[in-house]
Structure formats: C-alpha cells, structure tokens
Amino acid sequence: MNNVKKLNLDNLDYQIIDYMTENSEISYADLGKKLFVSGGTIHVRIKKLQELGIITGSKLTVNIKELGYDVISFVGIYLQKSSMYEDVAKELKKIPQIVRLNYTTGTYSMFAEIVCRDIQQLKQVLHDKLQYIKGIERTETLISLEESFNRNIQIMNDAIV
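Numbering-wise (my numbering), the sequence shown opens with residue 1 and increments by one.
It should be emphasised that the hints constitute simulated quantities derived from the structure, not laboratory data.
A few of these clues could be false.
As the list claims (entries may be wrong) - 20 Å max Cα-Cα, derived SDA-like pairs, lysine to any residue:
hint	residue 1	residue 2
1	K123	R151
2	K123	F111
3	K123	K81
4	K59	E22
5	K59	R151
6	K90	S144
7	K94	G135
8	K94	R138
9	K47	L7
What the hints assert, rightly or not - Label-pair restraints from in silico Cβ distances:
hint	residue 1	residue 2	range
10	E147	P96	42 to 52 Å
11	K90	T56	16 to 26 Å
12	K33	K123	46 to 56 Å
13	Q15	L142	35 to 45 Å
14	E140	A29	48 to 58 Å
15	K129	K81	19 to 29 Å
16	Q121	I153	23 to 33 Å
17	D30	Y103	31 to 41 Å
18	K134	P96	12 to 22 Å
19	G39	K93	32 to 42 Å
20	L52	K134	31 to 41 Å
21	Q121	L52	36 to 46 Å
Since the structure is predicted, the reported quantities are computational estimates derived from the model, not experimental observations.
Using N, Cα and C, we set each Cβ at its ideal position, and we do this for glycine too.
Let the hints inform the model, and build the full structure from the sequences given.
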C-alpha cells in the first residue's frame, strides 16, 4: 500500500490499467467513453503511467500452438553457487526457446519456462545448450500437459483493499 500512495494513482488510473491489459488496442476515445472521461484525459493518464514506469509497452498475444509450438516445459535449475546467478542468466537469455526466467527461493535457484516445437527440440535445448552453461549444477524438467488459463493480475481489486 505504501507504493500506491507514493505513486499517487487514483481509481481512474487503475481502471485504465485494467481495461488496457484486457484490450490494448482500444482507442483512447473509446476507453474515455467507457470510463466517462475525455480521450484527452486517457492520453494524459497513460503518458503519466508510462513516465512512472508502470506501463512499459504493449505486446501482441500469439497463439503458439497454432504456430506449431507444442511443448511447454518448466525447468528448475540448480546453481553451483547462488553468486553465479547473473552470469548464468546472461547465458540463458541467449537461448531463444527460454521465454521466462525467474530467480527463486526454495528447491531451485532458477526457474525457466521453455517453449519448443517438439520433444526433439526440447532435448536439444536441455542437452546441447543448458547443460553446457558454466554454473549450472543440474536441472529438473517438468512438461506441461495443458495450460488451463493465463491471465494478468487484476490490480483494481488488489489496490483498494
């Protein structure tokens, strides 16, 4: 709650964020109509949110299954030493099939999401690339059978608690 006060965001800012995360293609005028303010007000608020670093861009959502990417896996990575995190992360970023990487607590030092066309490509990523990165002690791979849902956090409900 302290960050919310420091950022000086109000209910309209949160509504804009919620609407834009659902449909970033909506025009400022149309969003203004939905929120009962002018398109100019929406423009000014979005500019403010960008300057604060809250909005950092927009992304196109791609149905990867339709493009032939049938294997999604999660890899728990054990590091030889936690101090090697930054170097290992730099090397992992070079592997295009790794779409998300987190530094974690618990069982693994790092947790990566990997998207591949098929099991053969996953094997190549794991065997030919990951295992040769200095600092990785070992890995544990989990293959996703189905993604039940994928959503953005709804900050509107969270922020006004």
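Here is what the structure says about each hint:
This hinted pair does not check out: K123 and R151 have alpha carbons roughly 29 Å apart, beyond 20 Å. Pair hint K123 plus F111 holds up; C-alpha atoms about 17 Å apart against a cutoff of 20 Å. Taking the CA atoms of K123 and K81, the gap is near 25 Å; set against the 20 Å cutoff, the hint is violated. The straight-line distance between the Cα atoms of K59 and E22 is roughly 11 Å, inside the 20 Å bound, and the hint therefore holds.
With a C-alpha separation of about 14 Å, the suggested pairing of K59 with R151 holds against the 20 Å cut-off. Restraint check: the Cα-Cα separation between K90 and S144 comes to about 25 Å, which exceeds 20 Å; the hinted pair is violated. In summary, the hint linking K94 to G135 is supported, as the alpha carbons are separated by about 15 Å, within the 20 Å threshold. Distance check on the hinted pair: K94 and R138 sit about 19 Å apart at the alpha-carbon level, within 20 Å; holds.
Restraint check for K47 and L7: the C-alpha separation of about 14 Å stays at or below 20 Å, so the hint holds. The given range of 42 to 52 Å is broken by E147 and P96, whose C-beta atoms sit roughly 20 Å from each other. Under the hint 16 to 26 Å, the C-beta atoms of K90 and T56, about 21 Å apart, fit the expected range. Between K33 and K123 the beta carbons are some 52 Å apart, a value that agrees with the proposed interval 46 to 56 Å.
The hint said 35 to 45 Å for the Cβ distance between Q15 and L142, and at roughly 37 Å that hint holds. Taking 48 to 58 Å as the suggested C-beta distance range, the pair E140 and A29 conforms, at roughly 50 Å. Distance hint for K129 and K81: a CB-CB separation of about 21 Å, consistent with the stated range 19 to 29 Å. Checked against the hint of 23 to 33 Å, the C-beta distance between Q121 and I153 comes to roughly 31 Å, which is consistent with it.
For the hinted restraint 31 to 41 Å between D30 and Y103, the CB-CB distance of approximately 39 Å keeps it satisfied. At about 20 Å, the CB distance of K134 to P96 agrees with the hint of 12 to 22 Å. Taken as a hint, the range 32 to 42 Å holds for the pair G39 and K93, whose Cβ atoms sit roughly 38 Å apart. Taking the beta carbon of each, L52 and K134 are about 38 Å apart, inside 31 to 41 Å as hinted.
At about 40 Å, the CB distance of Q121 to L52 agrees with the hint of 36 to 46 Å.
Violated hints, listed in ascending order, are 1, 3, 6, 10; each of the other numbered hints is respected by the structure.
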